[in-house]
Amino acid sequence: MSKLKLATVWLDGCSGCHMSFLDMDERLLALAEHVEVVYSPIVDTKEFPDEVDIALVEGAVASVDDEKKIRKIRAHTKLLVAMGDCAVTGNVPSMRNPLGPEAILDRAYIENVSAQPQIPCVVVPQLLRIVRPIHEFVHVDVFLPGCPPSADTFHTALTALVTGQPLDIPALTRFGA
Amino acid sequence: MSENVEVKTLVIDGHEVSARRGQTILEVARENNIDIPTLCHLDGLSDVGACRMCLVEIAGNNKLLPACVATVSEGMQVTTSSERLQKHRRTILELLFAERNHVCSVCVANGHCELQSLAQDQGLTHVRLPYRNPDLHVDASHERFTLDHNRCILCTRCVRVCAEIEGAHVWDVMGRGINSMVITDLHEDWGSSSCTRCGKCVQVCPTGALFDKSKIGTSHPKYPDFLPYLNLMREAQ
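In the order they appear, the protein sequences are chains G and S. Sequential numbering of the first sequence, starting at 1, is according to this note's numbering. Sequential numbering of the second sequence, starting at 178, is according to this note's numbering.
Treat the hints loosely; a few may be bogus.
To be verified - Cβ-Cβ distance ranges computed for the label pairs, FRET-style:
| # | chain 1 | residue 1 | chain 2 | residue 2 | range |
| --- | --- | --- | --- | --- | --- |
| 1 | S | Ser-250 | G | Leu-99 | 34 to 42 Å |
| 2 | G | Thr-163 | S | Asp-366 | 35 to 43 Å |
| 3 | S | His-364 | G | Ile-42 | 51 to 59 Å |
| 4 | S | Leu-306 | G | Ile-104 | 18 to 26 Å |
| 5 | S | Gly-288 | G | Asp-50 | 40 to 48 Å |
| 6 | S | Leu-313 | G | Gln-165 | 38 to 46 Å |
Said to hold, decoys possible - Covered stretches of chain S, as calculated for chain G (at least 3 residues, CB under 8 Å):
| # | stretch |
| --- | --- |
| 7 | 292-298 |
| 8 | 302-312 |
As the list claims (entries may be wrong) - These stretches of chain G come out as covered by chain S in the derived footprint (C-beta under 8 Å, 3 or more residues):
| # | stretch |
| --- | --- |
| 9 | 13-26 |
| 10 | 45-57 |
| 11 | 97-108 |
| 12 | 138-151 |
| 13 | 169-175 |
No lab work stands behind these hints: they were computed from the structure. Think of the CB as a built atom: it goes at the ideal place given N, C-alpha and C, for glycine as much as any other residue.
The shape of chain G in the complex, shown without the other chains (with noise of 0.2 Å):
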């Protein structure tokens, strides 16, 4: 049997989700057994590859970038997993949401900036006005919250999907675990 292909994307969030990921230690070893890992933030790969089974994906929607990447992940993607309380709520960077971006970049290029205090506009993309949920953007099929879910988590919940078993998510986590 030929191994599932296996994504993990990292957009605004704090790497924490990918963190709990590697927590799961030699547990890696058996889930490598049923999938190959063809694109992340720790693999070399910089293109989204054109046909993925699992999709794991870590962080909020925030900027044009992340936008054009969930769209992108969705069309190219059997199996969308919503990883993260950032992903599946919007979480800790949503919480700019009642301010706007203008006073989030000036407190941040301006405000605390003594040498040429000025806001970038070239290179990095554009912020959103509002933080959001992927679910918002794209169809998602699994939910896993948590901040970040454990490692017990994920290897509960990524079992269950390469085996293709039932998975009870609520028992598992729960939103800020």
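Guided by the hints, dock chain S onto chain G, whose structure is given.
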């Protein structure tokens, strides 16, 4: 059978149970170990039916009734769990999460929040409604406690405990609908209000809306179970 009979018999989820006249469906269900989820209800306080989590189905009635305030009647057939009720309860929770800024991961009540654990119990993994992201105020003017409107679900437990148990009635609700807010006195800062500093409101608050400043952090359990004891002791006097 006459309406004056003190003992009523009814059926809850297929179990025949008996109750005293005037008891609520919730009381009778709990006496018989039948679980109905609640949020604004708290043993020891009056019931207001604000959150609608405890809605139940009554045979022959198209309306869903809040079990915390609906009283029993003879021959009543109550269903406390069904697909329809599950759907309503989840939607209520989603509305609460979407209404204000509930960021569980950085909330002082994370791990000790009734809204959070209820969402898990009801199988909620995400909120289908768009978040409103309102710009809300935090009142940290009190020397011991903080009010964070971002986490308030308007259950009014604080209002009830302050009026009914402490007898101070410092808390109340201002505004209508989506603009409703809990306030102290006539919308003055909590720190300069007539607050007696008893802290009962903090203990009964189901979320991180009211918290003790000395206990900031994620291990911040609350102990609302003092209320029934307090009431019992007062009645005994």
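To see whether the hints hold, each was checked on the structure:
no.	hint	verdict
1	S:Ser-250 - G:Leu-99: 34 to 42 Å	52 Å, violated
2	G:Thr-163 - S:Asp-366: 35 to 43 Å	57 Å, violated
3	S:His-364 - G:Ile-42: 51 to 59 Å	52 Å, holds
4	S:Leu-306 - G:Ile-104: 18 to 26 Å	25 Å, holds
5	S:Gly-288 - G:Asp-50: 40 to 48 Å	42 Å, holds
6	S:Leu-313 - G:Gln-165: 38 to 46 Å	42 Å, holds
7	292-298	holds (count 5)
8	302-312	holds (count 9)
9	13-26	violated (count 0)
10	45-57	violated (count 0)
11	97-108	holds (count 3)
12	138-151	holds (count 5)
13	169-175	holds (count 4)
Of the hints listed earlier, those the structure fails to meet are numbers 1, 2, 9 and 10, in rising order.
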